[in-house]
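Here our numbering runs 312 ahead of the position in the sequence shown, where the first position is 1.
These are computed hints drawn from the structure, not numbers from a lab.
Owing to the predicted nature of the structure, the values given are computational and were not obtained by experimental measurement.
Please note: incorrect hints may appear among the correct ones.
Computed beta-carbon distance windows for the label pairs [claimed, not checked]: (1) N358 with A447: 32 to 42 Å; (2) A447 with A342: 24 to 34 Å; (3) G402 with V446: 13 to 23 Å; (4) A443 with W384: 34 to 44 Å; (5) S314 with T413: 34 to 44 Å; (6) L444 with A394: 20 to 30 Å; (7) N337 with L444: 34 to 44 Å; (8) W384 with T413: 25 to 35 Å; (9) E323 with L395: 33 to 43 Å.
Ideal Cβ placement from N, Cα and C applies to all residues, glycine included.
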Amino acid sequence: MSTYLRVTFREYGHFRPVPVQVETNGQTLATDCYVLAFANASQYGNNAYIAPQADLRDGLLDMCLIDVLPPWRAIQVIIGMALGTLPRTGGAAYRHTSHATVRAAAPIGYHADGDYLGHATDFELVVLPLALEVAV
């Protein structure tokens, strides 16, 4: 966890929000965002809870949007992620959806399940319920 915190504080001063347009549940949201995460599970890993109310079985993604991040709010977000209380801090906005389209003004980095996959300006996210087969 200390490595994550060190990298977060180092990068915070260099990071700039990106204008995005997100279409979900028949609504369009246009904003500048620092973080836009779609989570099926509650945490990134290492007990960093980005979407504490996410449910693997509900067939929905929890969209977490952090759009403004002055230093005091960044501290709220870090503490909220560590304690699993991010939705109650007011540091992030959430929506539940099974489908989303994201358009960014500039290429933004993205990852899936913690693995960096590249940069893009357009994203389409769709939930495929029960699509993962697991051998036990």
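Going through the hints against the structure:
no.: 1; hint: N358 with A447: 32 to 42 Å; in the structure: violated (27 Å)
no.: 2; hint: A447 with A342: 24 to 34 Å; in the structure: violated (44 Å)
no.: 3; hint: G402 with V446: 13 to 23 Å; in the structure: violated (37 Å)
no.: 4; hint: A443 with W384: 34 to 44 Å; in the structure: holds (41 Å)
no.: 5; hint: S314 with T413: 34 to 44 Å; in the structure: holds (37 Å)
no.: 6; hint: L444 with A394: 20 to 30 Å; in the structure: holds (28 Å)
no.: 7; hint: N337 with L444: 34 to 44 Å; in the structure: violated (24 Å)
no.: 8; hint: W384 with T413: 25 to 35 Å; in the structure: holds (32 Å)
no.: 9; hint: E323 with L395: 33 to 43 Å; in the structure: violated (22 Å)
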